[in-house]
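Visitor: Starting from the known structure of chain A, fit chain B onto it as the hints suggest.
Just so you know, the sequences run in chain order A and B. For what it's worth, numbering that gives the first Met the number 0 labels the leading residue of the first sequence as 0, then goes sequentially. For what it's worth, numbering that gives the first Met the number 0 labels the leading residue of the second sequence as 0, then goes sequentially.
Among these hints, one or two may not hold up.
Unchecked claim - Pairwise CB distance ranges, derived in the manner of DEER restraints:
#1 A:Asp-145 <-> B:Ile-16: 28 to 36 angstroms
#2 A:Trp-64 <-> B:Arg-105: 36 to 44 angstroms
#3 A:Gly-197 <-> B:Leu-175: 27 to 35 angstroms
Stated by the list, open to error - Sample of chain B residues at the chain A side, in silico, Cβ under 10 angstroms:
#4 Leu-9
#5 Trp-11
#6 Ile-16
#7 Tyr-66
#8 Val-89
#9 Leu-109
#10 Ala-114
#11 Arg-132
#12 Leu-134
#13 Gly-135
#14 Ile-136
#15 Thr-148
#16 Ile-185
#17 Ala-231
Please keep in mind that the hints were generated in silico from the structure rather than gathered at the bench. Small disclaimer: the values here were computed from a predicted structure and weren't measured. A virtual CB, placed ideally from N, CA and C, is assigned to each residue, including glycine.
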Amino acid sequence: MRDRHLKYLLVAPAVLVVFATAVWPLIESLRYSLHAGRLSRPDFPQAFIGLENYTWAFLEEPAFWNSVWVTLWFTVVTVALTTAFALAFALLLAPGGRFRVGIQSLLILPFAMSPALIGVSFRFMFNPEFGLFDAFFGALLPGLADISWLADPTLAFWVVVMADVWGWIPFLTLVLIGGLASIPQETLEAGRVDGASGARIFLDITLPQLKPVLAVVIILKAIFSLKTFDLVYMLTNGGPGDATQTLSHYVYFNGFKYSNIGYSAAVAWLMVIPMVFLTYAYTRLVFAREESH
Amino acid sequence: MALSGRQQKLFWNAVQILLILAFTLVMLVPIAWIALAAFKQHVDVYQLKVFFTPTFENFRTVFEEPYSLGDKLRNSTVVATVTVLITIPVATLAAYAFSRFDMRGRTLLLVLILATQFVPAVVIVLPFFVMFRDLGILDTLRGLVLVNTAIVMPFAIWMIKGFIDGIPIDTEEAALVDGSSRLQVIGNIVLPMAAPGLVTAAIFCFIIAWNEFLFALILTNRDAVTLPVGLALFKAEEGDLWNLLAAAGIIIMVPMFVLALIIRKHFVQGMTMGAVR
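Chain A on its own, in the form it takes in the complex (with noise of 0.2 angstroms):
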């Protein structure tokens, strides 16, 4: 067979599974959340109501609001605190060496846990009676020790953020080491020939160099808080109330706890959107990054 067909033929396969399991759903969770959509009822889905499931996010349901914000917030923080740690991380691995190397592989470990058994173990932890970081902060601040972590709203968000955060770190870490050893080494040369301090060499020469990666791991890391589902349920549910409730879990109570799937939906529809600008910045990024290679 020729070359000229054959190439498609190799190709098709892949692209047809690939489209049809992600266009199609799309396509088809865009009509659902055009119509009522009650999935009890035999007949789902129902009636074609326009936009009013979109208008009953908007202006009935402070719910929905609530999952907005605590997504939102919860996208903040976890991305400037991985984003932080992460690169103290990697700058105090990247200079090598056998001990050095060795902690990167052993960072490998947390990230190879899936985020539900993450969620598990975090839950664990906080245990008022017997969690072990309970007991650590219990025992730097006294005010501390035996609360219930997850029944209060404010301290069961940041627990989820921390578990998010420790899951997330490996990882990131990981890629800025990879970013971060990509840098000629003659410019930091240069900048130590020049007598500059430790932090002017770091601030002039190695975070401009290290600029691409960052944005790569901000965004990247981004799109994942975004969607955060696994954590959420396994560690508090949304709960207490709905407090941790991310939209994701948000859409996941309306669809499969209400049954409301038009509307649950229309919601999902609302996240595809704000993912679309993050994943074109990605693919832009990276395109660009492989093209300069």
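Guide: Same frame as chain A, now just chain B:
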């Protein structure tokens, strides 16, 4: 007293090593604590004991009724294995074509494939649930294999394409000139050279399918429940059964730790391709 340059250097090095150790401790303690709890007796879990008489009882109990973790273990293994066996060949053919041939709209297609990784899973799962209900494949392993294949395919294409890009094209061209067909070239030249990359991609896909939670949670309820969803079994009326949860957690984590260590060199590269949906 001012420190000499050498002393200063030593001092900073010591500070750095202390910071690294502290950081590492924070990263590893939660895992170690779960590992300890898995070997504790029921009474010891509820205390902050580091020294205790270890027991394997928990690992036996989780496999017994009513938990039957063995069924979940089998489901997870079957789903992840079959997913990999379908994904890798399909993705390899596509990756080869993307790597070696000029096609109209190739870059756009590759970008779109990457972009599908970032669609929130909750958007995708709604139509899948309705479709599976209509087809009668809710709570089946077939259904889970289907969604997991969908989840890992884009990522597998990208990763394998990266590996094939790195293989020099000369030998292929020589073989073509000598009269080999394109498929022979793929089978005899490209596959052997890409083998390490294919193994890495396969392990990645296995880990992703193994840890997948949201789809399994929604699309199964009894027969096809996988390990991560099975964790919910250990919630009892009197609270969570922590020693059993920990034992189940160890059974989920340890195989993935081993696999992750095997492919650690390619871990970062793979993850930036959006390995997690």
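Visitor: Does the interface hint hold: is B:Leu-9 within less than 10 angstroms of chain A, judged Cβ to Cβ?
Guide: violated, 15 angstroms
Visitor: Given a cut of 10 angstroms on the nearest C-beta pair, is the interface hint for B:Ala-231 held or broken against chain A?
Guide: holds, 8 angstroms
Visitor: Is the hint on B:Val-89 kept, meaning its closest Cβ partner in chain A is under 10 angstroms away?
Guide: Holds. Min distance 5 angstroms.
Visitor: Would you check whether B:Gly-135 satisfies its interface hint, that is, whether its CB is within less than 10 angstroms of any CB in chain A?
Guide: Cβ of B:Gly-135 sits 14 angstroms from chain A, so the hint is violated.
Visitor: So the hint says 36 to 44 angstroms: do the beta-carbon atoms of A:Trp-64 and B:Arg-105 match that?
Guide: Check passed, 43 angstroms falls within 36 to 44 angstroms.
Visitor: Taking the least C-beta to C-beta distance, is B:Ala-114 closer than 10 angstroms to chain A?
Guide: It holds, given that the least Cβ distance between B:Ala-114 and chain A is near 5 angstroms, below 10 angstroms.
Visitor: Classify the hint on B:Trp-11 as holds or violated, based on whether any CB of chain A lies nearer than 10 angstroms to its CB.
Guide: holds, 9 angstroms
Visitor: Against chain A, with CB atoms and a cut of 10 angstroms, does the hint on B:Ile-185 hold up?
Guide: holds, 9 angstroms
Visitor: When the nearest CB of chain A is found for B:Arg-132, is that gap smaller than 10 angstroms?
Guide: holds, 8 angstroms
Visitor: With 10 angstroms as the cut and Cβ atoms as the points, is B:Leu-109 at the interface with chain A?
Guide: holds, 9 angstroms
Visitor: Holds or violated: the hint that B:Ile-16 contacts chain A, with Cβ atoms closer than 10 angstroms.
Guide: holds, 7 angstroms
Visitor: Looking only at beta-carbon atoms, does the pair A:Asp-145, B:Ile-16 fall within the given range of 28 to 36 angstroms?
Guide: holds, 35 angstroms
When the structure is compared with the earlier hints, violations turn up for hints 3, 4, 7, 12, 13 and 14 and for no others.
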